[in-house]
Amino acid sequence: GQSLEQPSEVTAVEGAIVQINCTYQTSGFYGLSWYQQHDGGAPTFLSYNALDGLEETGRFSSFLSRSDSYGYLLLQELQMKDSASYFCAVCMDTGRRALTFGSGTRLQVQP
Amino acid sequence: EAGVAQSPRYKIIEKRQSVAFWCNPISGHATLYWYQQILGQGPKLLIQFQNNGVVDDSQLPKDRFSAERLKGVDSTLKIQPAKLEDSAVYLCASSLETGTDTQYFGPGTRLTVL
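Top to bottom, those sequences are chains L and R.
Anchor point for the first sequence: position 15 equals 15 in our numbering, and the numbering is continuous, going up by one each time.
Anchor point for the second sequence: position 54 equals 54 in our numbering, and the numbering is continuous, going up by one each time.
Hints may be right or wrong, so weigh each one.
Claimed, not checked - Interface residues of chain L toward chain R, partial, derived using beta-carbon atoms under 8 Å:
| id | residue |
| --- | --- |
| 1 | A12 |
| 2 | A42 |
| 3 | Y48 |
To be clear, the hints were calculated from the coordinates, so they are not data collected in a lab.
In this text the structure is predicted, and so the values were computed from the model without any measurement.
Quick reminder that beta carbons are idealized off the backbone N, C-alpha and C, glycines included.
Starting from the given sequences, assemble the full structure and let the hints guide the process.
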């Protein structure tokens, strides 16, 4: 089977930096993605890692360690609009490319 | 570029009734996915289409759920008969056949089964 673990909730203040961790156990692994979902909204793509290391996209960065089955999403200069749920998702098969999502981390940014 | 379209946005039915959801993916996207998202959980894949063929339906409860993607564009997901535990948001997503694994999600259909 497969499982992804991430914290259920994280709270931080505006302007701060927050890291959301994700560990996974899957029968196969192709890449790790991160999606953001505001309440009542659709998940939107943030970043993708297929290789070890850090990927940076503006205020968001994502890290992957394949040997540790671990990744994280780093959000810098937090803004109120970053309050949302963040999901890590594993692609286990390059042919299918379907995603298996974690249960999500609810981030609350406080003033 | 238009996004993934879904309808209806909300649906309330009684258990044992039938319901259908419609999805129109982004133009040119060969791959289409249906996910079920129960409140407080991550999306769970129900079925994946590549053009009009099924790639993966291993998590689709086939005794009550069915889906089709005629002509490789629009798709319909049906539940018949519905159960209370089917209350969830049904998300449609699409992606290019090749390239990154980015999936583009529609706004979803929120189903309430009473």
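Problem set entry | Hint check, L/A12 versus chain R [nearest Cβ-Cβ separation less than 8 Å] | Violated, about 21 Å.
For this session: Verify the interface restraint on L/A42: the C-beta must sit less than 8 Å from at least one C-beta of chain R.
Result: holds, 4 Å
For this session: Go through the hint on L/Y48 and say holds or violated, using the shortest Cβ distance to chain R against 8 Å.
Result: With a minimum Cβ separation of about 6 Å from chain R (threshold 8 Å), the hint on L/Y48 holds.
Consistency with the previously given hints fails for number 1 only.
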